[in-house]
Amino acid sequence: MLKLLLEGGRLTTAQMAQVAGIAEAEVVQYLEQLKKDKIFLGWRPVLDLSREAAAEAAVEAIIEVRVTPEREGGFNRLAERISRFDEVHTCMLVSGGYDLLVIVRGKSLQKVAAFVSEKLSTFEGILSTATHFLLRCYKDQGFMLESEESTSSRLNVAP
Amino acid sequence: MQANPHKWVAGHVSTLPKSGIRDFFELVAKMKGDEVISLGVGEPDFTTPWHIREHAIYALEKGKTYYTSNLGMPELRKGISSYVSANFGIDYRYDDQVIVTVGVSEALDLAFRAFVNPGDKVMYHQPCYVSYHPSIQLAHGEAIAVPTYAKDNFALTAEALEAAWQPGAKILMLNLPCNPTGGTCSKEQLDKIAKFTCDKDLLVLSDEIYSELTFEGVHTSIASLPGMAERTIFLHGFSKAFAMTGWRIGYACGPAVLIDAMMKVHQYAMMCASIIAQEGALEALRNGADAVAKMREQYHRRRDLVVRRFNEIGLGCHSPRGSFYAFPRVSDVGMNAKAFSVGLLQQEKVAVVPGTAFGPGGTGHMRACFATSYEKLIDACDRMERFVERSRS
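These protein sequence lines are chains A and B, in that order.
Position one of the first sequence corresponds to residue 1 (the working numbering), numbered consecutively onward.
Position one of the second sequence corresponds to residue 160 (the working numbering), numbered consecutively onward.
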């Protein structure tokens, strides 16, 4: 079922039931269990924000954050605190030249900039931030943007 | 004098019937493309994995635009030799026992032209891929069809071979797993077939293009059985497993004397396979295993879905052990293959291929290719169910 979720994100529960050869109720029950186990956290559409219709909340910034780890808890307390903001889309601990990689979304450049300067960088324990505004996305969560595979010329019947 | 172009067409070509699939193709082409769900294709719905395409683009950028050795690039032949050894347990020398061809179709044509004298008899199991019979005819051979049956899940049996055998038979053509039935043979059946070919001193041409798409058990090549490599041409290619149909790249492996004979025809007819396709094939062998496994896993789930649905609808369907084709019985709902396929296309806009396109053994069946998305398969099966219910009432 997990594989099916990963490879066929557009399937309804009824379609999943058909593919897996089980009752739809069983699929629903299984998905509920995955949610209870905090494996399956929810559905979210993947939008191409460069398109006009999806332009709401179009500004996205990727922020490198350097942090002083705390004696008990390391990076976790601060990372969780940052993650709770609605503006923060993604927050992860990474290896390399900085500690946290934070993706922030806002309706305008000013709003994102204000969040970084007035909230994020003022936290105790944050040593520095480096903000990169996203200019163009080419692939998002497995989906190619602005690039279409040419399948229209495939034959409908072939030996 | 008024020219009559018909008289210039060779007799054995003018009498050759057009593929039964062709008529159906014309019919489908008249429908609006977007509305039709096609289960009529003979190719993967996946595009060639990007790393293979990218490697070929790089090769082109590097100026690899020239002829290669007639046999194919040595690196590719070495790769094929290792791949066949690792996956099929047969050892071929890359320098004189492997030839790279323009798809398995060319390899097959080379084999018939290199080994068939006019009037030689070639046995092949049927229902089968549309080109076997005509290719034998074009080589001036005599085709002997050996039937396979739904009750055996379309596996070829040594008993059927014995029954069909005629004096003068020289070659046995195999295609396991089989297009269109998905039929395969168990190891025990294959042992008996191997013994039959030894007893009758037959050369075996074994088209194993669907072997990587075996869902249950392990695929065994007849060439890997004791004493069989010396009388078998192992035919394989990249089209199905690596989703590379349009690249037209395949190969043949066998005894050096036989590969040399095929090479003679190949060097005059084709010179060599496209270097870009050979580069893509090389990359497929080096780094394509994960993509093949992923595609096979999806085909497996799709097979289970369509076979279950076909049986629910009332179209008796065995579970094909390999390939991406299901071959259900439409006669179960009181229709012949053509009426079912044409009716389904016109009323519900689902394209399948009538079983009769694959020879008389396909009477009462249709071929449905399940190499398409879950959504489309589910929709196509629902439409088929509506069609069957309507035709019953």
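Simulated from the structure, these hints should not be mistaken for laboratory data.
Just to be clear, a hint being listed does not mean it is correct.
Derived coverage of chain B by chain A (criterion: at least 3 residues anywhere in the stretch with Cβ under 8 Å from a Cβ of chain A; other residues may be distant) [what the hints assert, rightly or not]:
1. 287 to 297
2. 365 to 375
3. 464 to 475
4. 497 to 510
In this text the structure is predicted, and so the values were computed from the model without any measurement.
We put the beta carbon where it would ideally sit given N, CA and C, even for glycine.
Task: Enumerated hints in conflict with the structure, sorted upward - done: 2 and 4
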